[in-house]
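Undergrad: Sequence:
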Amino acid sequence: MKPASGLLTEADLFLFLDYYELTSGKCNFDFGMNQEITENYFFREIPEHLGGYVITAGLEQFAACVELMSRGLSREHRDWLRATSGKDFEDEAFLDYLQNFRFKGDIWAVPEGTPVFPHEPIINVTGPSIDVQLFETLLLNIVNYESLIATKTSRIVRAARGRGVVFSPEEGSRTVVDFGARRAHGRDAAVLGARAAYIGGAVGTSLVIAGMKWGIPYVGTIPHKFVQERYRGKGSFRESELVAFRQYARSFPHNTVTLTDTYDTMGGIENSAVVGRELREKGYDLRGVRLDSGDPVKLSREARRVLGPEFEHARVMVSDNLDEYTIDDMLARGARVDGFGVGTRLITGANYDSLTREGGVSVLNGVYKFAENTDESGKPVPSMKFTSAKEKSTLPGRKQIWRRFRDGQYAEDVIALWDEVIGGSTPLMVPVMLKGEFVYEFPSVSRIREHCLMELERLPERYKRLTGADAYPVKLSERLARLRDDLYEAYRREYPA
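Under the working numbering, the first residue of the sequence shown is numbered 5, with each subsequent residue one higher.
Hints may be right or wrong, so weigh each one.
[To be verified] Using 27 Å as the maximum straight-line C-alpha spacing, the simulated DSS-like pairs for lysine-lysine come out as follows:
1) Lys108 to Lys373
2) Lys373 to Lys479
3) Lys373 to Lys396
4) Lys439 to Lys108
5) Lys108 to Lys30
6) Lys479 to Lys389
7) Lys468 to Lys479
8) Lys383 to Lys373
9) Lys302 to Lys229
10) Lys383 to Lys439
11) Lys439 to Lys30
12) Lys383 to Lys108
13) Lys396 to Lys468
14) Lys439 to Lys373
15) Lys30 to Lys373
16) Lys389 to Lys373
17) Lys479 to Lys396
18) Lys30 to Lys389
19) Lys383 to Lys30
20) Lys30 to Lys91
Hints are computed from structural coordinates only; laboratory data are not their basis.
My request is simple: use the sequences and hints to build the entire structure.
TA: Listed below in structure tokens is the structure:
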């Protein structure tokens, strides 16, 4: 038996769903229950250690999957499903439906890179009930993850900027690079995580394929192994490190960044200065040094002392288990750092305060819930989940978010019913697909990133604090609140508390 890569093909995506999406779909098919419905994607709360907002990301990948699924269930996958599902899918008529599947409904969504808040409908999917249900697993898998990583990265970038520093993409500002691929939870997570991190404000990634797919700058220097392999039992460790730096500088004189801690960080910094002088004699400049272990405050100051005015443009980069909390702390203690390579806690969206060592599950627990049905005449029928756990109840009806501004800054959001217009406010959801056809021009990842950074500047500081962020005000329109209350009262008449 040959080894299997585990990579999915485009045809495989049709079965990237939880089994109940097929079983409930077949039952609806059997009983003619395929009326138009609407489901909303939203999240109920922000993870405890991830602040006061969420950056939306993943819409483009979800839309692409809708398009791929609209090619229908392949013959290979149809035959497999029929053969392996016991008696569940012996009915050829439903399998024909899946094989001929093409989504002809509507998708409205908040553009990627936009800050959003709990309970707000971020994506509306409207169409035949069976079809809308089939997207649940893919939508949640993609949008929950990318939004988590974009949000985490935006917090890391804000910490790297320092208190009160206005963001600038120029070389002289503090920057964050995604180093997370090797710690990601799978290959898709690495590639999509790099995309989301760039949206959240990272300036680049170490993952080359992400650079190719998304047009993200990709960067890298040398591993410790590169230095170690130049010591072959003769001479000193320090001399072999200098050989490594010199050889790298010969191959990449225009882009020499050294890794200083293979043996002794101070010795590595001093060797870097030697190579920097040799580069200057040839008309080049040392690009920077990277500190990958030890006390970043002490070592970054020492690096600046050794490099001195002679190498004032050389950047001091730090890596090693970083996140927004460690970065904020080291800068507050006087670290002289120009850039950060952030891996594990970025790519996993760590819901973790690394200073207090408090945290929980690293996930954005977004959900995709039924919001609107239609009666036999096609008239909309708002629907909500009641449940005895009131925090898990949902808002009824197809909805839009309206954002109010004051002096160019976010002031409050209003969640309203679809046919409402909230004066003095801007609607956030835009049409992505109408009657099965895309009507949205998907922006480049760079444009999404620009939008994200611009929108975050419009969000007042009190909602962006690393700890103790205020809750952003989100209200319900009077009509939506009244509809919710009326439905809840009807529910309680039937099911008294």
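Undergrad: If a hint holds in the structure, say so; if it does not, say that too.
TA: Hints and how they fare:
Among the hinted pairs, Lys108 with Lys373 is consistent with the structure: their alpha-carbon atoms are about 20 Å apart, no more than 27 Å. With a C-alpha separation of about 20 Å, the suggested pair Lys373 and Lys479 falls inside the 27 Å cut-off, and the hint holds. Our distance criterion of 27 Å between C-alpha atoms is met by Lys373 and Lys396, whose separation comes to about 11 Å. Taking the CA atoms of Lys439 and Lys108, the gap is about 5 Å. The hint holds against a cut of 27 Å.
Between Lys108 and Lys30 the CA atoms are separated by roughly 19 Å; this keeps the pair inside 27 Å, and the hint holds. Restraint check for Lys479 and Lys389: the C-alpha separation of about 19 Å stays at or below 27 Å, so the hint holds. Restraint check for Lys468 and Lys479: satisfied, since their Cα atoms lie roughly 19 Å apart, inside the 27 Å limit. Between Lys383 and Lys373 the CA atoms are separated by roughly 19 Å; this keeps the pair inside 27 Å, and the hint holds.
Distance hint between Lys302 and Lys229 is fulfilled; the C-alpha atoms sit about 25 Å from each other, no more than 27 Å. Restraint check: the Cα-Cα separation between Lys383 and Lys439 comes to about 18 Å, which is no more than 27 Å; the hinted pair holds. At roughly 23 Å between alpha-carbon atoms, Lys439 and Lys30 fall within 27 Å of each other, so this suggested pair holds. Only pairs whose Cα atoms come within 27 Å are accepted, and Lys383 paired with Lys108 is accepted, the gap being roughly 19 Å.
About 26 Å separates the Cα atoms of Lys396 and Lys468, which keeps this hinted pair within 27 Å; it holds. For the hint linking Lys439 to Lys373, the alpha-carbon distance of about 21 Å falls within 27 Å, and the restraint holds. Using a Cα cut-off of 27 Å, the hinted pair Lys30 and Lys373 holds, with the two alpha carbons roughly 19 Å apart. For the hint pairing Lys389 with Lys373, the CA-to-CA distance comes to about 8 Å; that is within 27 Å, so the pair holds.
The suggested pairing of Lys479 with Lys396 holds, with an alpha-carbon distance near 18 Å, which does not exceed 27 Å. Restraint check: the Cα-Cα separation between Lys30 and Lys389 comes to about 22 Å, which is no more than 27 Å; the hinted pair holds. Distance restraint check for Lys383 and Lys30: the Cα-Cα separation of roughly 24 Å lies within the 27 Å cut-off, and the hinted pair is therefore satisfied. Between Lys30 and Lys91 the CA atoms are separated by roughly 12 Å; this keeps the pair inside 27 Å, and the hint holds.
Violation of the numbered hints given earlier is absent; every hint is satisfied by the structure.
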